[in-house]
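Asker: What follows is the residue order along each chain.
2 protein chains.
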Amino acid sequence: MAEVRNKQVVLRDYVVGFPKESDMNTVEGRITLKVPEGSSDVLLKNLYLSCDPYMRILMSKIDHEGFGCYTPGSPLAGLGVSKVLESGHPDYKKGDLVWGMTKWEEFSLMNHSKHASLWMDVVLASHILVSSLSTGMPGMTAYVGFFEVGSPKKGENVFISAASGAVGQLVGQFAKLTGCYVVGSAGSKEKVDLLKNKLGFDGAFNYKEESDLDATLKRYFPEGIDIYFENVGGKTLDAVLLNMRFHGRIPVCGMISQYNLAQHEGVTNLAHLIFKRIKMEGFIVNDFYHSYSKFLEFVLPHIREGKVVYVEDIAEGLENGPAALVGLYTGRNVGKQVVVVARD
Amino acid sequence: MAEVRNKQVVLRDYVVGFPKESDMNTVEGRITLKVPEGSSDVLLKNLYLSCDPYMRILMSKIDHEGFGCYTPGSPLAGLGVSKVLESGHPDYKKGDLVWGMTKWEEFSLMNHSKHASLWMDVVLASHILVSSLSTGMPGMTAYVGFFEVGSPKKGENVFISAASGAVGQLVGQFAKLTGCYVVGSAGSKEKVDLLKNKLGFDGAFNYKEESDLDATLKRYFPEGIDIYFENVGGKTLDAVLLNMRFHGRIPVCGMISQYNLAQHEGVTNLAHLIFKRIKMEGFIVNDFYHSYSKFLEFVLPHIREGKVVYVEDIAEGLENGPAALVGLYTGRNVGKQVVVVARD
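Protein chains in written order, with this note's numbering: chain S, 396 to 739; chain E, 396 to 739.
The hints are simulated quantities; they were obtained by calculation from the structure and are not laboratory data. Take these hints with a grain of salt, some might be off.
Quick list of in silico lysine-lysine cross-link-like pairs, DSBU-like style, CA-CA up to 30 Å [to be verified]: (1) E:K548 x E:K456; (2) E:K674 x S:K689; (3) E:K689 x S:K456; (4) S:K674 x E:K584; (5) S:K630 x E:K630; (6) S:K630 x E:K548; (7) E:K674 x S:K674; (8) S:K689 x E:K548; (9) E:K689 x S:K548; (10) S:K613 x E:K674; (11) E:K489 x S:K674; (12) S:K456 x E:K548; (13) S:K674 x E:K440; (14) E:K593 x S:K674; (15) S:K613 x E:K456; (16) S:K549 x E:K674; (17) S:K488 x S:K456; (18) S:K674 x E:K429; (19) S:K674 x E:K488; (20) S:K456 x E:K456; (21) E:K630 x S:K571.
To spell it out: a stretch of chain E is covered by chain S in this simulated footprint if at least three of its residues, at any positions, have a beta carbon under 8 Å from a beta carbon of chain S; those stretches are [claimed, not checked]: (22) 662 to 673; (23) 678 to 684; (24) 726 to 737.
Note that CB positions come from ideal geometry on N, CA and C, so glycine has one too.
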């Protein structure tokens, strides 16, 4: 069997500070489109790749236990939607559309047993979920973070940072469906308009235009915040702690404002965890497989009825992947950032 | 009915920074030893007063919602053991020994309905709990923080800061009874010896002698920490976050290292909450009345059998109260700090 071209986005070297496009190279590798005899590998043609904030963490040399890190000279890895070209694994067959962990390249030979924990076994050909990258991993993240970690009650006050992002926009809609009052912060007028006009938030503000976040939060939440869905960390978290209500919950999904800093910003108001008996809990969606069917049961009808919508930012072509990924950390994307490698 | 002398410790003015003895005055008030006709007040003769770290918070002008603050010119308030001299309340009668919220003075007229939430209704005359100040509030705090917030499992690794303090020493013993590996930090050789030789800790260190807390924790916990019982905050918390295990829990009981600082130290490693899926939860013992009988059921047999012991630091005389209280914040006390106002 002849080899074919396999374009790849590889990490040049471990990243310090803000990632730049030049931290990645687009190279032309070669691949034989064949699953090795007797192996249980699956050969994928990658269609869509997901740009997610956590990927910055993997670009650092430090392995944050379990998060691991990328290898310089090798392609990035991340979530993607792919088509099965050939399968040595009984759960997959040629033509299946799957989503889960794959690599930033045109074709990937993935080993199911190694990546089983990453939901390669979710086939979505027949799903209404057109873009599983948008509603799949971020949706599941929003679902478990908001419902299972946040334990919302009807009428509660919910604040979401990075609210127009992949996860934030869904948390906001889930919170509205739960009967909560929902305010989000984002980094541009366009995003704020989106939150208010398209995504149904009760309020939204551009944090870059607020000189006193504490005062801003007091304006939007005169009675305080019951649930803060944490995506950014740093100064925002510090201001939020001053504005939490008794027995508030802070599901900690991400801290994107901190990932590129050599020294993270210090959070000084943690004593409010005691004063107000606040629960702050980090979570990773991978720990919640058991809730996946519950999530689908919840989200699919809402998507079908148009009660949950989704904003995506699409970059065309693998070679535009590095710019799309880097854009996450300056907030260039509006909505969930996806890279199209191929349409089918 | 004639008035008698009522020595009081009053706050001079709101405190900024470290509290000093001179922030309090010992004054001679007068009191009529009589419950007003028709009232449900209880007249107490105060015997023992409890010095607790949270009291510094009440000395600041800022009311941390629900914590409240002391009033300059008025006596401090805190937990105490008192004898009922006269009672307008059906639950108490002359001669009862009670513990709960009282004032820093010889005699107090307390209103049960106002202070009901503070366990005035726990009569201990017949209890084996000789010093209810030591095993009562701190014991209950240790119990709910460790068991209900910390959810310990046999064999887990537990780290406790301010470990020889009122709450810490009990958390350590409860953790040993649960089959955990327990290490504590404290601020002097004497306290470290106490932890290792009297209180049964597996290890203990003097944090003042450790220049690299992260390295120290890695030495005591090569496999990481499952439960960190947080009493101090600041730099210790920051080092602990680097050493937590997956799904670790941090019951946040206090942050004594921070209460005297105008600007609290910044905690920079909170992203580890995500990496390791850590739950950090502030709690206040007052929220857990419902667990009080469970606590007694657990603790009384252990005290009777000598399996839970207690180290106290006794100051004689109300006039020595300010020095005793201030000593908490420099770590002068060894064990639970109590002030004796009268022996009976």
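Asker: All hints, please: hold or fail.
Answerer: Now for the hints, and whether the structure bears them out:
no. : hint            : verdict
1   : E:K548 x E:K456 : 41 Å, violated
2   : E:K674 x S:K689 : 23 Å, holds
3   : E:K689 x S:K456 : 49 Å, violated
4   : S:K674 x E:K584 : 34 Å, violated
5   : S:K630 x E:K630 : 18 Å, holds
6   : S:K630 x E:K548 : 35 Å, violated
7   : E:K674 x S:K674 : 7 Å, holds
8   : S:K689 x E:K548 : 29 Å, holds
9   : E:K689 x S:K548 : 29 Å, holds
10  : S:K613 x E:K674 : 26 Å, holds
11  : E:K489 x S:K674 : 43 Å, violated
12  : S:K456 x E:K548 : 33 Å, violated
13  : S:K674 x E:K440 : 39 Å, violated
14  : E:K593 x S:K674 : 34 Å, violated
15  : S:K613 x E:K456 : 20 Å, holds
16  : S:K549 x E:K674 : 24 Å, holds
17  : S:K488 x S:K456 : 37 Å, violated
18  : S:K674 x E:K429 : 45 Å, violated
19  : S:K674 x E:K488 : 41 Å, violated
20  : S:K456 x E:K456 : 46 Å, violated
21  : E:K630 x S:K571 : 39 Å, violated
22  : 662 to 673      : holds (count 12)
23  : 678 to 684      : holds (count 3)
24  : 726 to 737      : violated (count 0)
The structure is inconsistent with the numbered hints 1, 3, 4, 6, 11, 12, 13, 14, 17, 18, 19, 20, 21 and 24, although it conforms to all the rest.
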